[in-house]
Each structure stands twice: as structure tokens, then as C-alpha cells.
Amino acid sequence: MSDNDLSRRSYLKGASAAGAASLAGLTGCLGLGGGGGSDPVELLHGWSGGDGASAFEAMHEGFQKEHDVETNVKPIGGSGNTTLDARISTRLGNDDPPSSWAEWPGQNLTQFTSEDLLGDIESDVWEENGMKDAYLEGPKEAAQVGGSYVAVPTNIHRINNLFFNKSVVESAGIDPAGLESPADLVEAAATVEEETDAVGFSHAMSSPWTTLQLWACVFLGEHGESAYDDFISGEGDQDAVQSSLETVAELSAHFNEDAGTVGFQEANQKVIDGGAAFFDQGDWAAQQYISQEGFEFESEWGHVPFPGTDGLYSLNMDSWVYSADGPNPEGTKEWLRYVGTKDAQVRFNTRKGSIPPRSDVSTEEFGPFQTSQIEEFQNSKAQPPSIAHGLAVAPETLTNLKNAVSNEFSNPSMDAAANAAEAFMNAF
Amino acid sequence: MIDRIHEAVRARGESEGDGDARTDGGTATVADDDAGSFFGSVSRDFLGSLPFWLPPFALMGFFVYGAIGWNFALSLVNVQQFNQPNYSQLDFDQYLRAFGDPSFISAAQNTAVLLVAFTLACLVVGLLVAILVDRHVRFENTFRTIYLLPMSLSFVVTAQFWLWLYNFDNGLVNVVTQALGLGRYKWISNPELALGAVVFALIWQFSGYAMVVYLAGLRAIPDEHYEAARVDGASTLKMYWRVIVPQLKGATISASVVLMVFALKAFDFLYALAGGFFPPKGTDILSTMMVRQAFSAGNRSYAAAIGIMLFLLAIAIVAPYLTYQYRRGEL
Amino acid sequence: MNTSDLDGRRVGLYAVLFGLVAFYLLPLEIGLVTSLKTDPLASLPFAPPAAGSFTLEEWGRAFTALKSGLVNSLLLAVPATILSAGLGSMAAYGLTTLQWRGQVGVFTLFIAGIFIPYQAVLLPVSRFWATYAPLEEWLAVLWLLPGLEAYHGELLSLIITHVAYGIPICTLLFRTYYKELSGEMVEAAKLDGATAYTIYRRVILPLSVPMFAVTLIYQFTQIWNDLLFALVIMGPGDGAPVTVGLTNIGSSLTNLGFGVKMAGAFIAALPTMVVYVLFGEQFAEGVAS
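Residue numbers (my numbering), protein chains in the order written: chain V, 1 to 428; chain P, 1 to 331; chain E, 1 to 289.
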């Protein structure tokens, strides 16, 4: 049998004409079949375009090559997974769960486990293929809720990045590696605007999560890891929160004018075009540079950890969860075992621009930027989880934080910072 | 022409008369109805009409009234995220919650502003344009077609156009204000301007609709009324204000009802403008808030309560209109 | 009033009318030229692309991104339009031409259905299709047939939903029309002993053609243009109609910027614009009643 999805499906269709498969399908759909094992494994994810789509396709292809399980894949695009989340919430609320879906692990999973919507896969998945030994401690922890494994992380993204256009910062006479604090960044952005025609700091605010993420980087850079830990456990210091929001407000004087209506891809494009100097975003933004011809790492664009966060690897992860009630549980477990393999993670991460959560994956296949990130990850002294992606806080808190940004901080200013700080504290 | 159809129908009816009469039980004739067996005739026509209106009514009734009832039930319990409704405990907590929720209050205010400003502006623009088009101009049809064109477009499409027109760097609106020496504005991301910008875009899309309704109204006014006013020596402006506009009451009412319903449905436009569930600050209306609460935040019962309140708002707008139509014998 | 004054007024009138043409068409013109430029930010928004900066690339990218959505929209809008118009015509006949008491009450329920804000029914409708009538599962055996995919089950749910909510407006349009039809023919047919079905089939339907044109055009435009039901009942994905795909175009890694946004907007709008240009009269009639 051929190894690609398309011809396998048409083979199935041919068989159905012969009659046998259609009978099986009929019994399945009438609920006469045992356990509905003939249903395809339904997979939902948010990578509907660009690098994410090709990364997922490569991984899915790898799965189809080795396993004879029919899948029904639904890519649901949209900034920061909001559309995917909405879909998942609708499906689960309607008692209609898919088999598995891509979800941020950690605290984010509590919304599902508290309603028993996820199943334990410790013995069926994690104890296979040496996964427990191969996974790094952070991702392994994020895969569990209350001690049971319910998800398989596939990739790690870094959040605390500062990207820059090399020729713009050079003509402004700035050395990004010398920026030691968020305040230095504000100053550098001002210098850029004095010395060049470019915008100091490109930013996107069409949805609230990007500003929440920028604030989290500033906060981490200004107040350090333990203040960050206090904040995510609901015991943050309001003055510290406010002072970081004020820094964001100062930085906003150097935002692109259309920040309020663009998404992060459009904001990032300004860096590529030379219309902006600096940009903060997860490392998926780097894929936009890598896919751009004639825009090379270290010669046209560069990367440093967000000022003040050197030695920290602020992380976001994607994982595949095991739905307690989804169609075709056996096939779903097969899928989850596969996404935990080296093969799957090389296929996915090389294309996605993220790094693998398994420690035993060779760096040979990764490009220079990813290799340097893998090194920094392995040498990092701490890996604070992302707030804007819900690894660090429960979904309800995250919604409150996003609402706070949307309601109080859409137009950053000193007054707005005070109100937003209060709303941030009330989010827990 | 009609007579010919009549003849043809008669001819066909005759040729198939036998078979049809039998299905009526052989005795059913119009004479029977005339004889005045009241219940007989009513029930026969009633029964005969059932196969036609009942299936569409059942389908529509299930999805419209059944769903509203279900939604009302949902608004009386407390369903959040993924828990299931517990119908043994019913209360109006979700409605109370709405009135204590500042974001609900502001969404309700925005909805009111949108309803009033958008409807009034569309009516005024539509009436003026209709009066101009009505002045026996050449290419009248072409003008009318062009003015109504935006209405044939999807909210999603027009949102893309206006996102670009309102672009800070190179959008038409800022190019114009800049050229006029007024400077440039953040039309979408400044909360004080955003709702106005949205209303303006919607006026562009729907004023053509008001124009078409008014034009039909103007055409229905007999020419003598214009003549009479002119003989009395009234100026054009006075003539329209005193004589013509009062006769457009019907057109005004039906156009405003439909425009208000469009305004309540502006969800599509705002969703497309933001590319997601959070509309630009200052433009959140009840329709967008309901969908966000239901399908993004997972507050299903709260969303159901907002949905019911939107429904009541629509009823408040439509019920007087339907009564008015009924009184005029137009239902 | 002398003639030159009159001429002056006429000139002024036409100037205003052409000014309005500019007002209503300029956004479209700007969208069109923007979709053809390599760099929409480099020149005035309404200026046509300069010689060196003309490109069809954005149209190609937008078409690639939206083509499956276009097919889905067609599969959705055509059957839904025909069914809702057909059912609307039947309902109007049953409520108008055939006279019985209590008609107005039932009819009022139909009419009120036109004005329902969809937000009042979204949660139940989405739950109904997901939990109580999962067509995708029920019809699983169909998706094995060539040319059919599982997402066609979701499209079917969407079709039925649109038909249900389209019936009220269709019924209103047909009823207004049937009330004005002469009752003579119906009476004559009754005298000949024709059944209700025969009267509908032989008398009413042939006379309804112009109204079908109006209703079909109006409904096609409404269903093609809808976003909310598609978003909530099926969500983005393989089966999603073109309006869903359009909401995210221009802000993803592969399709970025206003060029592709504008091209996408035109591609998504093209079918309704063609229908409008061809049948503008019927559309105007549909919205006016």
C-alpha cells in the first residue's frame, strides 16, 4: 500500500465500492460495531498556514508512513490559538470531543481535567519508547495534572526574545547585546527614531495576548524570576506590576502607528522591510525571517534574549492531549506514542522553529538559529512558563488578564498602567 | 395575457379533472362551500393547506422558537466551560450578573449608540439621495445600482476594505484628513473614534438600502401632490418637508426596523475587523459580547442570558412594527 | 426661474450624483488597485499601480488560500437558497391562497422569525448539531464515496440551518406577491375540481417565476455572505465557507499585507457581485419589500 494519505483514502473508497467496507461503516455508524474502533482519529490543531502547517504535515506524514490508522485532521487557524480554543470549548461544551488536539500544557489543562475530559496515558504512552527517560523535566511536568499524564508535548518555544534588524540598529549605532534592562531598550528605541527613519519597536495589538506577553518579558527583565513566580501564583506585587506596565507605556511611544490594528506577522514584516528596529515575540517569529529570501541570521537579522532576561528561557509548549471520550481511543494512543518519538519531533521542530522536548534528539538537523537556542536552553538557569499562553496560570485567570489588557491597556499610558495593574492583580 | 393563462389552466384542469375529483372524495365541490357548512369548509381548506405550510413551519419553528426556548432555559442555570446544565435549580442570576458587569453595560451602551446613530444617519442619507435620484435624472437605474452595490457585499468583505481605508499609514481616510490639514488619526485603535468609524463604514454599506425604500415611497406619491404644493407657491424645501416627508411614514418605519435589525447583526463586521472575538476597544456590542462569552470564554449561561436580552430588544423594535402593519391590513 | 438657473441646478444635481458614485465606489476602486500593487504603502491608496509595481501575485495567493472555501460556499449557498425559496413559496401558498381562519397568527410567527437576532439561538443550534444530530457520524458511510468528505456532513447541517432561518423572509416575499395575484384563476381551478396540489403546481408555481428570481437572488446573497453560523456550527477548517477563510487572510505568515487582503475580499465577493450586476433589479426588489 502506498504511504501517503491521499492514495490510502482512495484505496479505502475503492474498497467501499466493493461493499465490504461500507457494511463495516454502516454498523459503525449505527453504533452496532464494538467501541467505534472504525472511526477515524479526529485531530484538531491551530497550524493552518505557513511553517506551522508544513511542520504538522511533515509529522502527520511520518505517522501515516508507519501506522495504519485513519485520521481526520482539522486545522483551525487564528492568532494565538484563540480560534482553536473557541472551537475546542464549543465541541467539549457540546459533548462532542475530538480524539486529540494541540493544546498548551501545564495549568492550561486544568480546565479539562477538572471536568474529567482527559484520560490518563501513563502506561499506554509514556512508559513506551523510553519517553519518561528521554523527556526533559520541565516538559514532563507540564504533561501532568495532579500526577497523571494526560498529554504529550512536542515542541518548546522561547518567549523572551528580542529580534532586530541588523542594518537599522547599526545605522542607529546600537549594540543590542549591550542592552541590560527594559529601560535600556526604551532608550535604544528612542535613539533609533532619532537616528533613522525606522520605528523603534514594532508591536501588534489587534488582540490582547501580544501585549500581555510583552509585559511579561518586561516584568521578568525588571523584577526577575522570583517576582515572576510570585505573580503567577497570585501573590504578585502591584507596584512592580505597575512599574513594568509603565515601561511598556514608555516603549509604546516608539511603537508603529498602526500597532492597534495589526497582527504580529504584520508587525514583524516591518522588521524585515527595515521599517522597524526591534521586535519581541516567541521564536516562531524567526521562521518568518528564515522563510524570507536574502534575509539571513546574523547578517540581516539578529537575536538576543529580551533585555534583563539573560540566562532565562521563558517557555511555551505545544502538546497533544488524550481525550477521555473521543472517537477511536486505540488509534489516538498510537498517534500520541508517535508524537513522542524522535522522528516526529525532528520532523516537526525543524520546520516549526521550536526545539524538541526530548533530550536525545541530535542537533545536526537544525539550522544555526535553532542550534543556538538549543544551547541556550540547555544552559539556562530557569525556564519560567509563559503567561500569555496559559502554561503559568489557569484559563480563567488568563481570560481575566487578556480582558484587563483589552479594557484598560489598549492605549498604553501612565494612567492606563495604574488601572491595568489593578485589573492584573484582580485577575487571580 | 392573464386571460390566456386562465384559459390554459382551465383546459388542463379539465383534462385532469377526473383523477383530482376522486382524491377529494368525489363530493367535494365549491358548491358545497357555498352551501355554508362552515366547519366543513374551514377544516377542508385548513387540512388542504397543511401539507404546504406545516413542514416549513415545523422546521422554522424548531430552529427559531424551539431554540429560543432552549436558550432561555440555558440562561436560567449556570453552565460554565464544560459542565452540564442542572435544570433543577433555576434562577435569574445570569441576568443580575449582566447588570452588575461593567463590560455588559458598556456593550449595551455601544449597542444603543450604534442602533440610533446608524439608523438615523442611514435614513437621512437615504432620503436625500432618493430625492435626488427621483428628480427625473438620466441613467437613473445606473445610479441606483451603484448606490445599492455595497449592500450586496458580505460584512466580512467590507470590513477588509474599511480596515485598509482606516489604515494609519496609507489609508484613504488619513490621506484625506492629512491633505485637509487635520492630521492623521488612529480610527480603529482609538476607542473614542472607533465606534464612529464603524458606524460610518456601515452607513456606506446600507444607506443605499434606505434610498431604495424611500424611492419606492416617493414613487407612490401621486404627482398631483407635488403640483398642488407648487401651485400654493411653496419652495422646494418646504414642499418636501410639509407635503412629501409626512407621506413617507410607512417607508421610514419599515426601513428603520430593517436597519436596526442589521445593526444588531453587526457581529460579522466587528469579528472580521479584529480577526477574532475581541472587537476593537470601544466597539464591543451585545452581539459580539454574547459570542465571545459563549464560544471563547465558555460562560454559556451568561451568554444565553445576553442572547435572550438581545431577543427582547429585537421584539421591542419589531412588535410595534408588526402591530402597525397588522392594523393597516398588510399582514 | 430662468433657463440658465435651471441648467445650473441640473449641473449641480449631476455633480452631487457623481460625487455619490465616487463615495460608494471609491472603497472598491482602492481595494482593486491595492490588490495589484507590489507595495500598497508606497503610493497613494487610490493611485493605480505604477508600471514597475504591477503584480497579480496577491490574487494568486489569495485564490490559493480561498479556493476550497469558494467551493464550500457554493455547495452551501446553492442548495440552501433553492430549498428555502421552495419552502417559502409553499408556506406562503398554504397561508395565502388557501383561506382559513387563524392564518394571520401563524403568519405572524413566520414574520417574527425574520427579525430574530441569531445570538438568541446560537448555543442551542450549535449543541443540537454537535450532540443530538451529528450528521457527520450518522452519514459516515457516505464519506467513503468518491468526492465526499466527512466535512460535507457539517456542511449539510449548515445548509439545513440556513434553510430554517431563511424560510421566514422567503415566506414574506412570496406572500406579498401571492396576495396580489388574481384570485380568479384559483377559483376557476377549484370549480374544475382541482386539488390544492394541482392548483399550486399548475397555477401558482408558473406565476411565481419572477418572485423566485427575487427570492433566490436575495437568499443566495444572504447565505453566501454569512459568517456567524459558519463560524459557530462548523468553525474554521476544511469545510468552512469562504467568509471564514477571509477573516484571517492578510495576517498569517504566508499571506501578509493589504494586497492579499484586498484580493481575497474581491475573490470572496465576486459571486455576489456578479449576481448583483446581472440581477440588480431583482435584488433591489428583494430588499425593498
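Worth double-checking, as some hints may not be accurate.
[Stated by the list, open to error] No more than 30 Å apart at the CA atoms, straight line, and that leaves these computed lysine-lysine pairs for DSS-like:
hint, chain 1, residue 1, chain 2, residue 2
1, V, K65, E, K179
2, V, K342, V, K140
3, P, K249, E, K179
Just so you know, the hints here were simulated from the structure itself, not pulled from any lab data.
Evaluation of the provided hints:
For the proposed pair K65 of chain V and K179 of chain E, the alpha carbon gap of about 65 Å is over 30 Å, so the pair is violated. Only pairs whose Cα atoms come within 30 Å are accepted, and K342 of chain V paired with K140 of chain V is accepted, the gap being roughly 15 Å. For the suggested pair K249 of chain P and K179 of chain E, the alpha carbons sit about 23 Å apart, so the restraint of at most 30 Å is met.
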